[in-house]
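Work the whole structure out from these sequences, hints included.
Protein chains: 2
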Amino acid sequence: MADEVILLDYWPSMFGMRTRVALEEKNIKFDYREQDLFNKSPILLEMNPVHKKIPVLIHNGKPVCESLIQVEYIDETWPGGNPFLPSDPYQRAQAKFWGDFIDKKVYGPTRLIWGAKGEEQEAGTKEFIEMLKMLESELGDKTYFGGETFGYVDIAMIGFYCWFDVLEKCGNFSIEAECPKLIAWAKRCMKRESVAKSLPDSNKITKFVPELKKKIGIE
Amino acid sequence: MADEVILLDYWPSMFGMRTRVALEEKNIKFDYREQDLFNKSPILLEMNPVHKKIPVLIHNGKPVCESLIQVEYIDETWPGGNPFLPSDPYQRAQAKFWGDFIDKKVYGPTRLIWGAKGEEQEAGTKEFIEMLKMLESELGDKTYFGGETFGYVDIAMIGFYCWFDVLEKCGNFSIEAECPKLIAWAKRCMKRESVAKSLPDSNKITKFVPELKKKIGIE
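These protein sequence lines map, in sequence, to chains A and B. Per full-length UniProt numbering, residue 1 is the first one in the first sequence, and the count goes up by one each step. Per full-length UniProt numbering, residue 1 is the first one in the second sequence, and the count goes up by one each step.
Treat each hint with caution, since some may be false.
Stated by the list, open to error - Footprint (simulated), chain A over chain B, 3 or more residues, beta carbon under 8 Å:
(1) 62–68
(2) 73–83
(3) 96–103
To be verified - If you only want the chain A side, here are some residues facing chain B, beta carbon under 10 Å, derived:
(4) Gln70
(5) Pro89
(6) Lys96
What the hints assert, rightly or not - Mimicking BS3-like on lysine-lysine, the simulated pairs with C-alpha atoms at most 30 Å apart in a straight line are:
(7) Lys105/B x Lys213/B
(8) Lys105/B x Lys214/A
(9) Lys53/A x Lys133/B
Hint data in this document are derived by calculation from the structure and do not stem from the laboratory. Please read all numbers here as calculations on a predicted model, not as lab measurements. Backbone N, C-alpha and C define an ideal beta-carbon position, used for all residues, glycine too.
Here is the structure:
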């Protein structure tokens, strides 16, 4: 029986992008089902009753929730070729640490940059740059976060790249001026078909943000 | 060369307890170093410069941060005997989902129960019971979260048990009345030497909370 892979997702989500990239990297065909987060579908509520959030990866009828857990699941289910995580336990722990760091420290400030104003927005911008600098220092002169191979941390972070333009406009700063190596890394990632195919155009995100603010009632 | 294992920890931490239990389960001798979180030591700042938090597991001089990552690291580094995570990718993903759920959904409300008052405290209590009920429903009639074997989700959750008494007193509710199966599970876990050895006495936590509130300036 061929695998049935369904992805419940929402196009601007940097979390959903992780799972898209991971599936593309493994050459897994999947049925992408766009979700309306302001009117959640029965399948989303059924497949992720705890968090009621996208992305949800449904493999042969069984749901896997939380994007980084999905990335690991994809790596373990389709191990052939390019593993996302190294085999050495210490290096694996380091990769997971930075994936977790992105969730805990990078995502929050982005919301303040596009969603807040004044002091709160400034604090978000400052925090965001600081966090990106930590990532840049971890990246160093390597090609990818894990070294020569595109992997787990790259997948965890790359979706934020298509939000960089709108964040820079909202917060009035330049990421490239602060973190040139990180931008060079993102451009390298964008040359991969898996990434280019999975990330929406920055302009589309820029146009989407005012719409989103209206939808959630902060504009 | 024998392994050198150091744990930077703080005795009331339910996160630190995870790592203690995991090390005990694998029969790994470790050098426990109590940390003063209100006056952080040079070794803590050096070994976890990003978050500056305990627990930090230092294995042969190299730090691993974040408790659930440590639990996986311990499982992968000392695989003999009792694996914490199942080998099946789907079951692994489910275990990681519930570990992540405990971090995202169970911990937050506990702080409101002991640290807040009035409506905020009530909201925390309500949320906490709701989250415990979700865990109880996931546990069902199984011996442990993973089935017959004590593992990852048990390790992720059990440290909260020694906080239950003080939470019940602060929030004026009974966890056993709401979640009898969860309490039976916790009592089963407490029969394991690894757990009994790693969790402080509930009374000690109850006495500690007013002290903690003074220290962080909320009393």
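Check the hint pairing Lys53/A with Lys133/B against an upper bound of 30 Å on the C-alpha distance.
The hint holds at about 20 Å.
Check whether the Cα positions of Lys105/B and Lys214/A lie no farther apart than 30 Å.
OK: Lys105/B and Lys214/A at ~28 Å, within 30 Å.
Report holds or violated for the interface hint on Lys96/A, using the least CB-CB distance to chain B and a cut-off of 10 Å.
5 Å, holds
Are three or more residues of the stretch 96–103 of chain B within 8 Å, CB to CB, of chain A?
Three-residue rule met by the stretch 96–103 of chain B, so holds; n is 4.
For the hint on Gln70/A, just tell me whether its beta-carbon gets within less than 10 Å of chain B.
The hint holds - Gln70/A has a Cβ within 10 Å of chain B, the shortest such distance being about 8 Å.
With a C-beta cutoff of 8 Å, work out whether three or more residues of the stretch 62–68 of chain B approach chain A closely enough for the coverage to hold.
Held - the stretch 62–68 of chain B has 4 residues with a Cβ nearer than 8 Å to chain A, which meets the minimum of three.
Compare the distance between the alpha carbons of Lys105/B and Lys213/B with 30 Å, and conclude whether the hinted pair is satisfied.
22 Å, holds
Hint check: 10 Å Cβ-Cβ cutoff, Pro89/A to chain B
4 Å, holds
Taking beta carbons only, do three or more residues of the stretch 73–83 of chain B come closer than 8 Å to chain A?
As far as the stretch 73–83 of chain B goes, the hint holds, because 3 residues have Cβ atoms under 8 Å from chain A.
Checked against the numbered hints given earlier, this structure breaks none of them.
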